[in-house]
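From just these sequences and the hints, can you work out the full model?
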Amino acid sequence: MTVDKAKIARQFIQTIPHSKALGMEITALGDGMAEITMPYDERFIGDPKTGVIHGGAVSALMDTCGGAAVMSHPDAPAGTATIDLRIDYMRAATPGQMITARAEVYHITRSVAFVRATACDDDTDRPVATATGAFTVEGR
Amino acid sequence: MARKAPEPVQVVKQRRDAALKALVGGVPYITFMGISFDRRGDELTGVLFFDEKLIGNPFLPAIHGGVTAAFLEVTAMISLSWAYIWEDFESGALDAEALAAGNLPRLPKTIDFTVDYLRSGLPRDAYARATITRAGRRYASVQAEAWQDNRDRPFAQATAHFLMPRQDQSTDSSSD
Numbered sequence: 000m001t002v003d004k005a006k007i008a009r010q011f012i013q014t015i016p017h018s019k020a021l022g023m024e025i026t027a028l029g030d031g032m033a034e035i036t037m038p039y040d041e042r043f044i045g046d047p048k049t050g051v052i053h054g055g056a057v058s059a060l061m062d063t064c065g066g067a068a069v070m071s072h073p074d075a076p077a078g079t080a081t082i083d084l085r086i087d088y089m090r091a092a093t094p095g096q097m098i099t100a101r102a103e104v105y106h107i108t109r110s111v112a113f114v115r116a117t118a119c120d121d122d123t124d125r126p127v128a129t130a131t132g133a134f135t136v137e138g139r
Numbered sequence: 000m001a002r003k004a005p006e007p008v009q010v011v012k013q014r015r016d017a018a019l020k021a022l023v024g025g026v027p028y029i030t031f032m033g034i035s036f037d038r039r040g041d042e043l044t045g046v047l048f049f050d051e052k053l054i055g056n057p058f059l060p061a062i063h064g065g066v067t068a069a070f071l072e073v074t075a076m077i078s079l080s081w082a083y084i085w086e087d088f089e090s091g092a093l094d095a096e097a098l099a100a101g102n103l104p105r106l107p108k109t110i111d112f113t114v115d116y117l118r119s120g121l122p123r124d125a126y127a128r129a130t131i132t133r134a135g136r137r138y139a140s141v142q143a144e145a146w147q148d149n150r151d152r153p154f155a156q157a158t159a160h161f162l163m164p165r166q167d168q169s170t171d172s173s174s175d
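Sequence lines, in order, name chains A and B. Counting along the first sequence from 1, when you hit position 31 you're at 30 in numbering that gives the first Met the number 0, and nothing is skipped either side. Counting along the second sequence from 1, when you hit position 52 you're at 51 in numbering that gives the first Met the number 0, and nothing is skipped either side.
Where hints are given, some of them may not hold.
As the list claims (entries may be wrong) - Cross-link-like lysine to any residue pairs, in silico, SDA-like; alpha carbons within 25 Å at most:
| # | chain 1 | residue 1 | chain 2 | residue 2 |
| --- | --- | --- | --- | --- |
| 1 | A | 19 | A | 110 |
| 2 | B | 12 | B | 46 |
| 3 | B | 52 | A | 105 |
| 4 | A | 48 | B | 58 |
| 5 | A | 6 | B | 58 |
| 6 | B | 20 | A | 40 |
Since the hints were made in silico from the structure, they are not lab data.
Structure, rendered in structure tokens:
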């Protein structure tokens, strides 16, 4: 991936209002791989009794990270949209900890990119959630 | 045997609305997203009020796919929880005032969640309804659909599986 393309993809993702609202930051991006973090925030709590983050916020992180991975792929010339996304919630994220999602494009055709993603908190040996999705490949 | 007189309408409404408000208002993320619920009897419709912070593609513009997923998940989870507690607060086993005071039942936990994006979410309000296809003692299957202008043209649909809260440890906070 060229420096320009990485820059454009990074800039695009950083202008997404919802990703900004959730405090997401890109920590790695390129060649069909993306890593994005989301800080712990009390506004994102889904279970008031435990302070665990809502699955919906994790979904948004997974979707953004998957889309970013597709946009950074050398064979994906332009934008992308999610066709479908499946998320498995393995355990509750530990309250107070940042969540880091990593996504990779494991196969890409002219029309579709297949993506796998994992989300972890500080305990990187036990993922909080995993996801698989199909994304469109646009612009050719 | 004389039939018991039906409750006055405002008593029924007050109890149900209080229970719903407690259930939904207790979750910070639902407030953050600007999701509310319309109620007709026991039927719930999730309403996602449009806001700039929900945008995922500023150039189209379109609602973020994660927002759509979250909206469907919230609708599925609240609808399931609502159906789960309905009998209890209708019979009085679960006190609506206690609910309002924050003594809420534990919410179902999402096991997995699959969302299909059918068309792009426009920058305007969206609505969603969930159907509980199976409500078991431990596991539940729920389908949800979201639309904007036309009920017959959903922009996303979802299937989710939930782990139901354990009856015997309704206030336990341990994961299971």
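Hint check results:
At most 25 Å may separate the alpha-carbon atoms for a hinted pair to count; residue 19 of chain A and residue 110 of chain A exceed this at roughly 28 Å. Of the supplied pair hints, the one linking residue 12 of chain B and residue 46 of chain B holds, its CA atoms being roughly 20 Å apart against a limit of 25 Å. With a C-alpha separation of about 31 Å, the suggested pair residue 52 of chain B and residue 105 of chain A falls outside the 25 Å cut-off, and the hint is violated. Pair hint residue 48 of chain A plus residue 58 of chain B does not hold up; C-alpha atoms about 39 Å apart against a cutoff of 25 Å.
For a cut-off of 25 Å, the pair hint linking residue 6 of chain A to residue 58 of chain B stands: about 17 Å separates their Cα positions. Simply put, residue 20 of chain B and residue 40 of chain A have alpha-carbon atoms about 23 Å apart, close enough for the 25 Å limit, and the pair holds.
In the structure shown, a violation is registered for the earlier hints numbered 1, 3, 4, in ascending order.
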